[in-house]
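So that you can map any letter, position 9 of the sequence shown is 9 in this note's numbering, and since no number is skipped, the others follow by simple counting.
The set of hints was computed from the structure by calculation and includes no laboratory data.
Being a predicted model, the structure only gives us computed values, none of them experimental.
All C-beta atoms, glycine included, are put in the ideal place defined by N, C-alpha and C.
Be careful, since some hints might not be right.
Derived Cβ-Cβ restraints for the label pairs, each shown as a range [as the list claims (entries may be wrong)]: (1) 5 x 47: 35 to 45 Å; (2) 6 x 44: 33 to 43 Å; (3) 43 x 5: 34 to 44 Å; (4) 5 x 44: 37 to 47 Å; (5) 6 x 45: 35 to 45 Å; (6) 5 x 46: 18 to 28 Å; (7) 58 x 20: 22 to 32 Å; (8) 5 x 45: 37 to 47 Å.
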Amino acid sequence: VEPNKPVRYSYTRQARGSWSLNWLVPIGHEKPSNIKVFIHELNAGNQLSHMSPIYTIEMGDELLAKLARDATFFVRAHESNEMQPTLAISHAGVSVVMAQTQPRREKRW
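Please construct the entire structure, taking both the sequences and the accompanying hints into account.
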């Protein structure tokens with residue numbers, strides 16, 4: 001996957017309940033190079049019933065520098081038809097924050 005280029009993933013829902021979009025950003029002394037995105041499907045009791053694969057969105061250094069001041073994450077629902085709705089994610093960005101040097105922090109999600 002090439003950084004700063006649109007990426008399209010497809011996930012077919014397994015149930016009819018609620019769902020949540022989740023993302024992970026690495027933190028630590030290294031600046032992030034990508035974010036991880038996944039979908040949780042919840043049952044009627046708001047318990048996790050299914051989880052999508054974990055998708056990766058590459059973030060190049062140039063894009064990170066551009067988005068560092070005003071990091072945003074836009075989600076836009078797009079209905080292609082009633083049987084197969086799709087979700088488009090655009091302008092994904094994270095800010096780079098320097099971690100304190102003591103105690104030492106490792107890069108983690």
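Going down the list of hints, with the structure as the test:
no.	hint	result
1	5 x 47: 35 to 45 Å	36 Å, holds
2	6 x 44: 33 to 43 Å	35 Å, holds
3	43 x 5: 34 to 44 Å	36 Å, holds
4	5 x 44: 37 to 47 Å	39 Å, holds
5	6 x 45: 35 to 45 Å	36 Å, holds
6	5 x 46: 18 to 28 Å	36 Å, violated
7	58 x 20: 22 to 32 Å	23 Å, holds
8	5 x 45: 37 to 47 Å	40 Å, holds
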